[in-house]
Every structure is written in C-alpha cells, then in structure tokens.
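Participant: Chains E and L supply the protein sequences, listed in that same order. In this note's numbering, each residue's number is its place in the first sequence (first place is 1) plus 19. In this note's numbering, each residue's number is its place in the second sequence (first place is 1) plus 19.
Among the hints, erroneous ones may be present.
One copy or any two copies: either way a pair holds, since identical chains are not told apart in the list.
Claimed, not checked - Within a straight-line C-alpha distance of at most 27 Å, the following computed DSS-like cross-link-like pairs (lysine-lysine) qualify:
hint, residue 1, residue 2
1, Lys222, Lys158
2, Lys64, Lys51
3, Lys33, Lys158
4, Lys64, Lys38
5, Lys33, Lys81
6, Lys222, Lys299
7, Lys51, Lys71
8, Lys119, Lys299
9, Lys71, Lys81
10, Lys158, Lys51
11, Lys119, Lys222
Hints are computed from structural coordinates only; laboratory data are not their basis. Remember, predicted model here, so these are calculated numbers, not experimental data.
Chain by chain, the residues run as shown.
Protein chains: 2
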Amino acid sequence: MVDLYPSRIDNEPKIFDRKDPVVYSEGTDLAKGPLNREQVASYEKNGFLLLKNFFSTDEVTKMTGELNRLWDENRTVDSPEVIREPESDEIRSIFDAHRKNEEFNRLARDPRLTDTISQLLGSNVYVNQFRINFKPGFKGKEFYWHSDFETWHVEDGMPRMRAISCSILLTDNHSYNGPLMLIPGSHNYFVSCVGETPEDNYKSSLKKQELGVPDNESLTWLVEQGGISTATGPAGSLLLFECNTMHGSNGNITPLPRSNVFFVYNSVENALVEPFSGLKPRPDFIANRNPETPVLTG
Amino acid sequence: MVDLYPSRIDNEPKIFDRKDPVVYSEGTDLAKGPLNREQVASYEKNGFLLLKNFFSTDEVTKMTGELNRLWDENRTVDSPEVIREPESDEIRSIFDAHRKNEEFNRLARDPRLTDTISQLLGSNVYVNQFRINFKPGFKGKEFYWHSDFETWHVEDGMPRMRAISCSILLTDNHSYNGPLMLIPGSHNYFVSCVGETPEDNYKSSLKKQELGVPDNESLTWLVEQGGISTATGPAGSLLLFECNTMHGSNGNITPLPRSNVFFVYNSVENALVEPFSGLKPRPDFIANRNPETPVLTG
Chain E
20 MVDLYPSRID NEPKIFDRKD PVVYSEGTDL AKGPLNREQV ASYEKNGFLL LKNFFSTDEV
80 TKMTGELNRL WDENRTVDSP EVIREPESDE IRSIFDAHRK NEEFNRLARD PRLTDTISQL
140 LGSNVYVNQF RINFKPGFKG KEFYWHSDFE TWHVEDGMPR MRAISCSILL TDNHSYNGPL
200 MLIPGSHNYF VSCVGETPED NYKSSLKKQE LGVPDNESLT WLVEQGGIST ATGPAGSLLL
260 FECNTMHGSN GNITPLPRSN VFFVYNSVEN ALVEPFSGLK PRPDFIANRN PETPVLTG
Chain L
20 MVDLYPSRID NEPKIFDRKD PVVYSEGTDL AKGPLNREQV ASYEKNGFLL LKNFFSTDEV
80 TKMTGELNRL WDENRTVDSP EVIREPESDE IRSIFDAHRK NEEFNRLARD PRLTDTISQL
140 LGSNVYVNQF RINFKPGFKG KEFYWHSDFE TWHVEDGMPR MRAISCSILL TDNHSYNGPL
200 MLIPGSHNYF VSCVGETPED NYKSSLKKQE LGVPDNESLT WLVEQGGIST ATGPAGSLLL
260 FECNTMHGSN GNITPLPRSN VFFVYNSVEN ALVEPFSGLK PRPDFIANRN PETPVLTG
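This is chain E alone, in the form it adopts within the complex:
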C-alpha cells in the first residue's frame, strides 16, 4: 500500500496537506443528524467539537465509580494494559477498559456516540482503542503535542485519516488543571516527524512520547494559523476530535485531578494494515486489529 503520510523517515520535518475528507457523509445521510449543520461545520473547520454536558450527572457518577474501582483493582497490578507515570508508580492510563468492564463496554456501544461518529465518518465504526486516563492533582505531568494519527499510521498501520477520538470529561476541566489544548485547523496538515521508530517503542512512549514528536517550527506555524483552543467544560462534557488534530496538555499542580475516558472509533473501511514503520504491530489492547467482532452500528 502506498504510504500517503510518510513520517519518521527523513532527517527534516515536513508539512503535507491532508489527502482525505474530514466529514465523510453527504446529503441526507449527513442531514439526518444527530449533529446539526453548525456542529458539523465547526468540526470540519476546527478538527474538534466540544459538546458540553453531553452526559448527565448520574451517568458521570456511574462512570467515575467504575473508573475508581478499576483504579483500585489495578493499583498493584503489573499488566501491560496499566501504564504508570514516568517518575512514579501512579497509574496514568488503563487500556482496554471496555473489555474488562460492563459499564464501559455499554458506553462504547451507546448509540448517542456511535450515531454521531457514523454521521461524521460515513460508515459503520468500531472501537480501535479504549482507555481511561487519570491526571492526578499536584503532580500531573504534561502530555506533549502530537497527532494521534501520526502514531497510529506509523506504528499501527492506520491507512487513512478516518477515525475520531472521544474524550469524556469525568472531572470539571478548568483552564488551570491541565485541560486538553487543541490547535484549530491543524487536522488539515500532516506534520511528518523526524527519527526512526525502534522496536517496542510503545512500552516507553505511552509514559512519555519521544518519537513522532512534531518539531518546534511546525508547531509554531500551526499555532500562527489557528491559535490554541482549550477544551474546558464541566464533567460530563464530550470532546470529539479528528484523529489528526494536533493536541497536548500542560501539567497540573492544582489540587484538582483531571480524569477522563478516552476512546477511538475507526471506520470499518479504514481497518489497520501492516504498520508503515515496517515493524511488528503494537498489541491488540492499544490498536484493535479485528474490526469484525466489535462492529457497533449497522
């Protein structure tokens, strides 16, 4: 397969234009919702859409309860799905939560979500990745700028830009407790990064990303074009962002933790192929290589 988005090959960073649509459905399929015309236009232009108070307080309470339970259960568990902070033993993320937990499994199949994603991606979708993230108070570390697609393309073999990340805010996200920052419009450019991917890179990159890191000049250029937008909102808000939207977050020294549920829907027409790095694929709990099983909408 031709590599439309080469990265980690050259010694010089490059910026390519996006070669894929942002919104895939058209006409009546697009018009039937759930998102209205303004919401679709905003997503298409900016590369993300924040839907405040998408989930009720009761739903948030239930999800938070499940998150805390998984947290406690995994506190001392040594499992590849449990990712810890680089400089401490604190849990940073737990992957594959939707296969371990009924509540999160149901959440991933919630038609309010899948119908929305299908409307934008113009096809059936499946869950490519599912994790819960916890950024503790006082010592939450930053997560540097990256395009999810860059990694998924190089390390997992996602061929095209036809996936959407969902982040459900489980705590209030203020401007000061390390909320997600996004660069509006950045999804229209592919920043080809320098360097070569080593074998089993994910074992360190999930703690702290050292590869697939965009260069300062490209980031400055993207911010000059689109500025920076901060996804602040109350617990229960849903952030959808296009797989190639450049995003990151600062650390969090406030006492207010920031936790969320994060999952990725990919189009069934965009199933993973061999990684474009030429290396062996990352494990299934990071990138689902069997879309057949968990097709969620029909």
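We have chain E; now place chain L onto it with these hints.
Facilitator: Frame of chain E; chain L shown alone:
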C-alpha cells in the same frame, strides 16, 4: 526576635492565622491613591491585584529589548545571579537586573509603582529583590505552589508580612502558556511547612524548590476556601501580590514564551533580621540587607 511565623521546624504541617495587616495605611494616606477604594478592597480581600495595560506598548517594547539584551549577554556567563533550568542550560532567571541595567533601575524607581506600593504598605519602601524571568515555549517547567514570605522569613529573616511582589507581564499571558495562578484569600493564612533548611539551600531551590513546599492537605483546604485565579492579561499588565499569597504556575508546552520582570518592595520598617532558620543569610542579590541605600520614595 520572636518568630511569629515558625516554619520548617515541625514534622507536621500547620496553618496559622496571619498576624499582620494586609493594607497598612489608613484615612487620608490611603484615600489619596494612586489606587482607588475598590482596587484597595480587592487587593485586601484576595491578596493580589491585576492592573491590565499598566505600561504602554512602547514601554513594554523597551523592557523586552533590555531583557533580550541581558539574556544574550548572559547566555554563557557562569554567575550566581544567572539561574538555569534544572534539566537544561536555558536561563530561567537573572537576579539583580536593576543594578546592572539603567532601564530596570529606572523602572524600580518609577513613582507609578513606588507610590502604589507605599499606599498599601504605609511607609517608604525599598527593593528587596529584582529579577527577570523567562519561561520558554515548548519546555517551560512548572513552578510549584509557595508563599514567597515563607522562604523570605525562614531564609532571609523578613520579620513580618509587609512586602509586595510586582510582576510585569512582558508577553501576553494566556490561560494556556503557564500563567501565574494565585489562591485568593490565601494571604490570610500562614502554611507552616515541614522539614529543615540545609546550608546554601538557595543554590538548588531557585531552580526547583524542594523545601518550604506546602503540603497537599493545606493546599486543598486553601483552594476549597478561595478557588484558583489565573493572572492572564496582555503584555504590559502589572500584577501586585501580597508576599504571603500562595501562588505557582504550570508548565508551558505552547510555542508562546512567557517572560516577566519580577521585583519585591519591602517596607523600610520591615528590614531583614537574622534568618529564622538560624543559618547564614542568602546573598545580597537575592535579598537586599541594606535598605538605606535604595530607599525609593520619601
């Protein structure tokens, strides 16, 4: 001298009530300005006051030019006044800039500043510390929560809470490029920290503070009382904050650097005594022990 604010002595953190006024002048002295009644009341209640666009664009340009010049001159200088980032050789702060640079010397004597500080502190004032700070884009590190007074009291022998920090924003401070965060009302409480101060602590603490660090429980309590306020504003804004106001800042992964001029006026009636740690005082470039020379207003 009795130690009204003991810290770094016990094994348990404690919170004491403030034993000093916040605003020292009264009656006609207070009423004559430059700050109006609302501004004084806001400062007294919150422990800080942000005056947007206090300096003109021309003045900011001049200060930025001087800052950049000092930066370039000191790039490879190995001097105690030049503090570097903990994990790189990047300059973090340059102390004593007002004694090295005519522009900053004039700034420290600017009556728009000294009259304001004298109004609040009810006496003549002198510059206790003067430095320029640079938080670079992409890799600016956080500065953890602290009360300036806690350090100045323990390590420099500042007897009472009768000093004010001034921060002049030289770049636009957005919510997302690591602006100063303050806890409103925190100046009314003294958080006594655990631990003992080692000899020459300042040599590492100016890069990364490990002592005089408030405990999580006290910080949580202060934030529950007062919330968190973020000092965002355009370049040229002036932030005044009371010496005991709890403050800190998150890191900055954005391309937008955050630099400022920071200086501290102390009341001539609050001159430094022997450090309450019992150790030898920090050098003069960090804490001016000779208020006679640079009395600025009369």
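Participant: Check lysine 33 against lysine 81 for me: Cα-Cα at most 27 Å, and say if that holds within a copy, between copies, both or neither.
Facilitator: neither (44 Å within a copy, 36 Å between copies)
Participant: Given a CA cutoff of 27 Å, do lysine 119 and lysine 299 count as a within-copy pair, a between-copy pair, both, or neither?
Facilitator: So lysine 119 and lysine 299 pass the 27 Å test inside one copy only (25 Å; across, 59 Å).
Participant: If the cutoff is 27 Å on CA atoms, where do lysine 158 and lysine 51 land: within, between, both or neither? Let me know, please.
Facilitator: Answer is neither: 45 Å inside a copy and 45 Å across each miss the 27 Å cutoff.
Participant: Up to 27 Å between alpha-carbons, please classify lysine 119 paired with lysine 222: within, between, both or neither.
Facilitator: So lysine 119 and lysine 222 pass the 27 Å test inside one copy only (21 Å; across, 50 Å).
Participant: Using 27 Å as the alpha-carbon threshold, which applies to lysine 222 and lysine 299: within, between, both, or neither?
Facilitator: Within one copy, since 14 Å is at most 27 Å while 48 Å is not.
Participant: Within, between, both or neither: how does the pair lysine 71, lysine 81 come out at a Cα-Cα threshold of 27 Å?
Facilitator: Cα proximity of lysine 71 and lysine 81: one copy only (18 Å, versus 43 Å across).
Participant: Can you tell me if lysine 51 and lysine 71 fall within 27 Å by alpha carbon in one copy, between copies, both or neither?
Facilitator: Classified as within: same-chain Cα gap 21 Å, cross-chain 48 Å, threshold 27 Å.
Participant: Have a look at lysine 64 and lysine 38 and pick one of within, between, both or neither, based on CA distance no larger than 27 Å.
Facilitator: within (15 Å within a copy, 56 Å between copies)
Participant: How do lysine 64 and lysine 51 come out at 27 Å by Cα distance, when the copy is not named: within, between, both, or neither?
Facilitator: Classified as within: same-chain Cα gap 20 Å, cross-chain 53 Å, threshold 27 Å.
Participant: Go through the copies and call it for lysine 222 and lysine 158: within, between, both or neither, with a Cα cutoff of 27 Å.
Facilitator: For lysine 222 and lysine 158, both the intra-copy (22 Å) and inter-copy (23 Å) Cα distances are at most 27 Å.
Participant: Within a copy, between copies, both or neither: where do lysine 33 and lysine 158 come within 27 Å Cα-Cα?
Facilitator: between (34 Å within a copy, 22 Å between copies)
Consistency note: the structure conflicts with the earlier hints numbered 5 and 10.
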